[in-house]
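Place chain B on chain A using the hints.
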Amino acid sequence: MELIRCYAREDFVALWDYDLENPRRDMRGFEVGELLQDLDETEHLQKDRARKIPLKDLKSDLILANGARLYNDHTHPEYSTAECLSLFDLIAQDRAGEHIVLQCARRRTEQRGHGVVRLYKNNTDFEGHSYGCHENFLLPRSIPFDDVVAALLPFLVTRQIYAGAGKVGVEADGSRHHQGVFQLAQRSDFFEVIASVDTMTRRPLVNTRDEPHADPTLYRRLHIIIGDANMCEWATALKVGALRLVLELLEAGNVPALELADPVGAVKAISRDSDRRWELELADCSVISAVDVQSAYLERAQSQTAGRDAETDWVLDEWQAALQALAADPMELVGRCDWVTKKWLLDAFAESEGLDWNKAEDRAWLQSQDLEYHNVDPQEGLYLMLEGAPDGSVVRLCDEATTKAARVTPPKGTRAWFRGHVLEKFGAQVRSLNWDSIEFDVDGRVRTVDLRGCVDADTAAIFNTRLDQAGTVQELLAALASPPTAKEAP
Amino acid sequence: MSPKMRDRAPRPKGPIDSGEDSNDESGPRRPKVDRPKTEDLLRRMRKVDPNQARRYRQRTGQ
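From first to last, the protein sequence lines stand for chains A and B.
In this text, residue positions in the first sequence follow numbering that gives the first Met the number 0: the first is 0, and each later residue adds one.
In this text, residue positions in the second sequence follow numbering that gives the first Met the number 0: the first is 0, and each later residue adds one.
So here's chain A without its partners, still in its complex pose:
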């Protein structure tokens, strides 16, 4: 809570409107009474309630100048990037988030006057407590949800071969005999069911939360909880970029016909496979490798989207290069793929210090290096030190100037641009806001701007132009009440 509030350097004013949120609503047409928690978290929540801190204070939601949201989620600082239409804008916004939370940590260190507040962009404490890095995509509501699940399962289960962040050891399952294993992904231990609305325990491969933050008659928000938090920009870009192309295949009815025999078992088995064979069984009892599953999606994506634009071609090229490297020699992906980069560092360190992965004391030091890989302070974090090294072994997609600008600038041409600039221009009159609405105080009356339709580039352009032209909130409201002119219409 205090860490989040260090961002503003001024008294906290609660603006986030929770009335528009309902994480208990399920895509399958029902609502659950409550979301499940694990036993530890149930105890923590009881302590939270006993402290009698109002929810708004506890969460300390902030809307940042770049259109992002920063808040306290179960004592983790959660940075939700602004909505992006471009993959490379997303990379910049993600890196900006690292800078922002690092700034908060440094200010909090100063405030406390003792010790150092450190933040790690990872997904586990190595003791069975996980916290996610979520991706969100808008999908047409017209696609049946069963089709979404069927299309995504083989892809999501195998995506970790290039998108995993790597982890020393195994959590959950009581699998102590696997402790010497280096896994591909931090999150794979924590998935127990195929589809569910829960996110804290009994986690699903496909989350069914139905909270579109957009017109619910037109859209679903696909809430992907299975991904790792990546340090490598390349890995973030390929993780999100490949999934975006797969969703386009889904919309076109062009996904490969693959059905896994045991998706939940396969996600763990692939992550823990030290032989890197990554084989999984299909429903027809045949066996296929994770590389071939990904290749099947890639081939369809190449046929459907190659040559469309530079960003799409970047994803297709890197996706193909990644699969070729993974099939031949994964170590070619040092500096691109997090699990490979981390393993390379850990092997070098283990060799240097004579450590044995199967000895508990040695493994504890390796887990400490694993944690340090994710430290967001470039003076301490192993990944960030490697990124800053002069030998150029890390692939960068976003330079420092772009990241710095993204700390205070929303992605152009988006709903986030409107949100960020409303706060800059008319912040004193904003009464509350959420992803898809802004309430103003206007002469003692509450006036609301509905942003549920402002999700595509054409509509966002209209909203943003009218905001630029408005001198007052009243002028803005009047302008937004008018239909698009012939010049504005797409």
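The reader is advised that the hints may include incorrect statements.
To be verified - What follows is a set of in silico ranges between Cβ atoms, one per label pair, in the way DEER data are often shown:
| id | chain 1 | residue 1 | chain 2 | residue 2 | range |
| --- | --- | --- | --- | --- | --- |
| 1 | B | Arg53 | A | Gly252 | 49 to 55 angstroms |
| 2 | A | Ala13 | B | Arg53 | 34 to 40 angstroms |
| 3 | B | Arg53 | A | Lys51 | 43 to 49 angstroms |
| 4 | B | Arg53 | A | Ala260 | 34 to 40 angstroms |
Stated by the list, open to error - Quick look at which bits of chain B chain A covers, simulated, 3 or more residues with Cβ under 8 angstroms:
| id | region |
| --- | --- |
| 5 | 43 to 52 |
| 6 | 55 to 61 |
Since the hints were derived computationally from the structure, they do not count as laboratory data.
If you're wondering where the values come from, they're calculated on a predicted model, not measured in any experiment.
Note that CB positions come from ideal geometry on N, CA and C, so glycine has one too.
Coordinates of chain B only, in the frame set by chain A:
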């Protein structure tokens, strides 16, 4: 399945030996992994508290 080959930008030089052994093409190939080029990085790794992961305890999140 073999994805269609496409031209791509040259990769930055990495600090990895390909591990190919021209004298022995039989058996599994184990890539040789060099140490990080920067001594600073290894020095930093030696300074990491061996027990920090044991002390790093978090609440479950989403």
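Hint check results:
At roughly 50 angstroms, the beta carbons of arginine 53 of chain B and glycine 252 of chain A sit within the given window of 49 to 55 angstroms. For alanine 13 of chain A and arginine 53 of chain B, the Cβ-Cβ distance of about 37 angstroms falls inside the hinted range of 34 to 40 angstroms, so the restraint holds. The given range of 43 to 49 angstroms is broken by arginine 53 of chain B and lysine 51 of chain A, whose C-beta atoms sit roughly 33 angstroms from each other. Roughly 38 angstroms separates the CB atoms of arginine 53 of chain B and alanine 260 of chain A, a value that falls within the hinted 34 to 40 angstroms.
Taking a C-beta to C-beta cut-off of 8 angstroms, the region 43 to 52 of chain B contributes 9 residues in contact with chain A, enough for the three needed, and the coverage statement holds. A stretch counts as covered by a chain when three or more of its residues have a beta carbon under 8 angstroms from one of that chain; for the region 55 to 61 of chain B and chain A the count is 7, and the coverage holds.
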